[in-house]
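Engineer: Chain by chain, the residues:
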Amino acid sequence: MTHYAIVCIHSDANLLLDLQLSLGSLASHFHILLFRDVKQADDHLTKDQPIAMLISELTPQSQTYLVAQTQLQNRPKCLVFNPNEPSLLINLINLGHVDHVIATPQMDLETVKGQLSQFLQQQNETLTHYADVLDTTQLKSASFPPQGQFLDYSLYSDNELSNLVINALYRVFSGNDEHHVCRKYSKNHLLTREGEHNNALWFIADGEVQLKKHIAAGQEQEVTVMRAGSMVGGMSFITGEPAFTTSITLTGTEVIKLEKSQFATLMKSNSELLGPFTHLLLRNFNRRLQSSIITKLKLQSTLQSLDAAHAQLVETEKMAVLGQLVAGIAHELNNPVAAILRGADTLKQKVPSLLAQEISANLRQLGATTLNNAMKITPLSTAITRQKTKAAIPLFGSNALARKAVQMQLDSPEQFAKYFAPLGSELTETIQQLDTYYLVGNFLRSIDVCAKRIADLVKGLKHYAGQDIEQAVFSDLHEGLEETLVIFENRLKSYQVIKEYGDIPLVQCHPIELQQIWTNLIANAIDATQGEGEIKLHSHTMTKCQQDFVCISIEDNGIGIPEEKKARIFELNYTTKREGNFGLGIGLTVCQQIVKRHHGEIKVISSNDAQSHFTRFEVYLPVNNPEIKQRSRAENEQEA
Amino acid sequence: MNKYVLLCVDDEREVLDSVLADLDTLGDLFDVEAAQSVGEAKELLAEMQQNQQQLALILCDHMMPGTQGVDFLVELNQDAAYKAAKKLLLTGQAGLEATVEAVNHGGLDFYIAKPWQGDELMAHVQELLTDFILENESDLMHYARGLDAEKIFSAIHARRQSL
Numbered sequence: 001m002t003h004y005a006i007v008c009i010h011s012d013a014n015l016l017l018d019l020q021l022s023l024g025s026l027a028s029h030f031h032i033l034l035f036r037d038v039k040q041a042d043d044h045l046t047k048d049q050p051i052a053m054l055i056s057e058l059t060p061q062s063q064t065y066l067v068a069q070t071q072l073q074n075r076p077k078c079l080v081f082n083p084n085e086p087s088l089l090i091n092l093i094n095l096g097h098v099d100h101v102i103a104t105p106q107m108d109l110e111t112v113k114g115q116l117s118q119f120l121q122q123q124n125e126t127l128t129h130y131a132d133v134l135d136t137t138q139l140k141s142a143s144f145p146p147q148g149q150f151l152d153y154s155l156y157s158d159n160e161l162s163n164l165v166i167n168a169l170y171r172v173f174s175g176n177d178e179h180h181v182c183r184k185y186s187k188n189h190l191l192t193r194e195g196e197h198n199n200a201l202w203f204i205a206d207g208e209v210q211l212k213k214h215i216a217a218g219q220e221q222e223v224t225v226m227r228a229g230s231m232v233g234g235m236s237f238i239t240g241e242p243a244f245t246t247s248i249t250l251t252g253t254e255v256i257k258l259e260k261s262q263f264a265t266l267m268k269s270n271s272e273l274l275g276p277f278t279h280l281l282l283r284n285f286n287r288r289l290q291s292s293i294i295t296k297l298k299l300q301s302t303l304q305s306l307d308a309a310h311a312q313l314v315e316t317e318k319m320a321v322l323g324q325l326v327a328g329i330a331h332e333l334n335n336p337v338a339a340i341l342r343g344a345d346t347l348k349q350k351v352p353s354l355l356a357q358e359i360s361a362n363l364r365q366l367g368a369t370t371l372n373n374a375m376k377i378t379p380l381s382t383a384i385t386r387q388k389t390k391a392a393i394p395l396f397g398s399n400a401l402a403r404k405a406v407q408m409q410l411d412s413p414e415q416f417a418k419y420f421a422p423l424g425s426e427l428t429e430t431i432q433q434l435d436t437y438y439l440v441g442n443f444l445r446s447i448d449v450c451a452k453r454i455a456d457l458v459k460g461l462k463h464y465a466g467q468d469i470e471q472a473v474f475s476d477l478h479e480g481l482e483e484t485l486v487i488f489e490n491r492l493k494s495y496q497v498i499k500e501y502g503d504i505p506l507v508q509c510h511p512i513e514l515q516q517i518w519t520n521l522i523a524n525a526i527d528a529t530q531g532e533g534e535i536k537l538h539s540h541t542m543t544k545c546q547q548d549f550v551c552i553s554i555e556d557n558g559i560g561i562p563e564e565k566k567a568r569i570f571e572l573n574y575t576t577k578r579e580g581n582f583g584l585g586i587g588l589t590v591c592q593q594i595v596k597r598h599h600g601e602i603k604v605i606s607s608n609d610a611q612s613h614f615t616r617f618e619v620y621l622p623v624n625n626p627e628i629k630q631r632s633r634a635e636n637e638q639e640a
Numbered sequence: 001m002n003k004y005v006l007l008c009v010d011d012e013r014e015v016l017d018s019v020l021a022d023l024d025t026l027g028d029l030f031d032v033e034a035a036q037s038v039g040e041a042k043e044l045l046a047e048m049q050q051n052q053q054q055l056a057l058i059l060c061d062h063m064m065p066g067t068q069g070v071d072f073l074v075e076l077n078q079d080a081a082y083k084a085a086k087k088l089l090l091t092g093q094a095g096l097e098a099t100v101e102a103v104n105h106g107g108l109d110f111y112i113a114k115p116w117q118g119d120e121l122m123a124h125v126q127e128l129l130t131d132f133i134l135e136n137e138s139d140l141m142h143y144a145r146g147l148d149a150e151k152i153f154s155a156i157h158a159r160r161q162s163l
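Those sequence lines, one after another, are chains A and B.
Using the UniProt record's numbering, the first residue of the first sequence is number 1, and each one after it goes up by one.
Using the UniProt record's numbering, the first residue of the second sequence is number 1, and each one after it goes up by one.
Don't read these hints as lab results, they were simulated from the structure.
Be aware that a few hints might be false.
As the list claims (entries may be wrong) - Partial pick of chain B residues on the chain A-facing surface, computed with a CB cut under 10 Å:
1. D17
2. S18
3. E33
4. M64
5. Y111
6. P115
7. W116
8. Q117
9. G118
If you're wondering where the values come from, they're calculated on a predicted model, not measured in any experiment.
All C-beta atoms in this analysis are idealised placements derived from N, C-alpha and C, irrespective of residue type, glycine included.
All chains, please: the whole structure from these sequences, using the hints.
Structural biologist: So this is what it looks like as structure tokens:
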């Protein structure tokens with residue numbers, strides 16, 4: 001493509017700048033060259049720079065230059081500003097050539113474009129190369145090619161092509177519109193109605209037509225807005241299928257409406273229209289196809305990012321629940337930690353004194369037995385200890401001594417007779433000595449118990465915060481439930497937790513994902529009962545469609561879920577929770593998705609009857625389940 | 001049987017045993033009793049009334065199944081029979097709100113956070129018991145050995161002077 005120059009010559013610098021601004025849209029295809037006088041232009045312009053247009057003031061100096069330029073073989077278009085002296089213009093016309101005189105202070109860009117188009121055509125340049133900056137319609141619409149001759153419609157832009165057809169139609173119908181084909185619609189005029197038969201084709205000459213389509217729940221959504229140059233009803237008109245969209249005018253709109261019979265007549269009598277019209281139709285459909293492909297691609301990428309956002313949300317929910325649990329867990333850890341610290345401290349004092357004791361071999365042996373028992377045997381409850389202490393006071397004399405004897409389980413009258421009766425005044429000291437053995441044993445046991453509890457708690461947490469391995473594993477669902485209960489132990493203190501565990505096999509699953517279900521369901525049960533009540537965990541096996549299933553149910557005796565809300569509880573943003581409760585309110589949605597991935601089912605059974613109110617969630621999971629999709633990662637891969 | 005009872009309430013047996021071990025030496029002067037729930041503690045209080053024993057100090061956990069510690073302290077504080085008793089909260093899990101409630105309505109005398117130091121716990125309990133004895137008991141001499149001896153002796157001295 002040749003880069004022609006547009007040479008502007010004027011002594012007024014401001015005017016030159018204005019020119020540059022108004023010609024700005026052409027700068028991509030033409031060199032816009034500005035000069036203050038002819039000499040400057042002559043100095044700068046070389047022979048290799050072809051000139052398409054001269055825009056110049058007309059002075060005695062410039063006149064000579066313009067005359068010379070317009071006599072060249074590739075005569076550039078010559079536009080001059082209206083001179084003060086008519087003689088200058090006349091001279092130029094006679095000696096050279098003037099294409100246009102710019103009479104107004106504002107130069108008309110359309111004129112420039114038109115002149116340039118003509119110039120390019122004279123030079124046999126390929127007009128499409130300039131289609132972006134020049135409106136070449138006028139040139140081409142001047143005449144249709146003779147019938148049967150191939151015309152390359154690809155040279156026309158979309159707008160040009162539709163203008164071509166619409167202008168031609170107007171020409172055909174001007175003064176000859178007995179069927180009232182050219183119409184003017186007011187706002188809100190209905191053209192096609194979705195799903196209904198359509199018999200006409202509309203060309204929009206001016207105005208806006210909105211296309212709408214029904215989406216779910218009786219709502220309509222805008223598909224697009226068609227403007228001047230577009231065609232409405234094309235698809236149903238050609239295919240005979242019901243209209244795909246409803247179209248309605250948004251503004252006053254001028255159209256050409258062609259019914260099928262009129263269309264046939266028109267094409268017969270004006271066969272030269274058939275070519276451009278067919279091309280317009282193809283172009284129209286092609287644009288729609290392209291836009292739908294682009295939409296689909298966009299939707300795909302949107303779906304992918306939605307999927308990622310969803311995975312993130314699920315993770316956030318998990319962490320939100322965990323975060324709220326942490327406060328309780330910290331407290332939960334505190335008790336065993338306190339007991340261990342106190343126990344270790346007591347041992348530090350007692351063990352040296354134990355070693356330093358000077359006692360008889362008999363007593364030492366009794367002490368060793370006491371220590372061993374205290375290490376192994378869970379201590380009596382405080383109530384029983386008290387009861388037995390009361391009975392033993394007559395023998396041992398004081399509450400404190402009797403209680404110690406009871407703790408050591410050396411309080412029966414027989415034992416008293418055997419070990420303590422012979423001691424006389426040494427009774428108190430001996431019991432104190434034996435008590436040291438007991439304390440050491442008991443604290444060793446207590447430290448062991450507490451450390452195990454901490455270990456369990458940590459194990460539960462580690463599982464909760466972890467990730468499942470990709471492969472589903474056979475897992476003991478009761479274990480997962482128990483770990484979840486450990487995490488909630490603090491909150492469950494005021495609850496009666498009833499476990500009705502059946503004999504269930506190991507279930508092939510992603511245990512950490514399942515733990516999220518148990519956590520959500522137990523958290524819901526706690527929320528529903530507002531701090532105290534009864535929570536029942538139940539498990540059993542069942543067979544459905546010759547497949548073995550395990551059912552885990554979690555039931556609370558809370559207020560229950562009203563019938564009308566039951567259907568909505570699994571919806572993403574449906575929550576009845578208040579601040580301070582667990583999670584983000586998407587827990588059940590997450591549960592349902594996890595269960596679905598496990599090819600299982602989750603059901604809710606609830607009654608909010610005043611007499612018997614409860615909510616029970618039942619989770620059914622197949623025992624053998626080799627092909628469980630993993631969360632999001634697998635979904636992404638599948639998408640790819 | 002001693003005249004006064006020192007009652008420890010905690011649902012965690014291991015914690016309760018630790019408390020009892022820490023307070024063991026007070027067993028000569030006071031009946032040191034333990035309960036694993038508020039319900040059990042109430043039974044114990046009823047029993048004490050039958051035996052004409054008086055509650056000198058209660059050391060109570062907060063987070064327990066059934067009635068919570070702070071609620072129990074509030075209940076005791078509203079009962080003339082137990083108003084004089086010193087009230088201690090030994091807990092890791094009473095929030096600000098519960099603690100304020102315990103101070104304002106439970107007559108809370110002391111708050112010890114878990115985990116605690118054995119000797120500190122003992123010192124605080126001794127201090128509170130000394131105050132209780134000075135406020136409620138005429139035979140001070142009996143308690144001088146196990147409690148804050150200095151404080152008790154100066155009280156004895158002061159009482160003699162005022163006679």
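Engineer: Each hint needs a verdict: does it hold in this structure or not?
Structural biologist: We went through each hint and held it up to the structure:
Using the Cβ-Cβ criterion of 10 Å, the hint placing B/D17 at the interface with chain A is satisfied: the shortest such distance is roughly 6 Å. The beta carbon of B/S18 is positioned within 10 Å of a beta carbon in chain A (closest approach about 4 Å), and the interface hint is therefore held. The interface hint given for B/E33 holds, since its Cβ lies 7 Å from the closest Cβ of chain A, which is under the 10 Å cut-off. The beta carbon of B/M64 is positioned within 10 Å of a beta carbon in chain A (closest approach about 7 Å), and the interface hint is therefore held.
Of the supplied interface hints, the one on B/Y111 is violated, with its beta-carbon coming no nearer than about 14 Å to a beta-carbon of chain A, more than 10 Å. Residue-level restraint check for B/P115 holds (minimum Cβ-Cβ distance to chain A is 4 Å; threshold 10 Å). Among the interface hints, the one on B/W116 holds; its C-beta lies about 7 Å from the nearest C-beta in chain A, closer than the 10 Å criterion. Interface hint status for B/Q117: upheld, as the beta-carbon distance to the closest one in chain A is roughly 8 Å, under 10 Å.
Interface hint status for B/G118: upheld, as the beta-carbon distance to the closest one in chain A is roughly 5 Å, under 10 Å.
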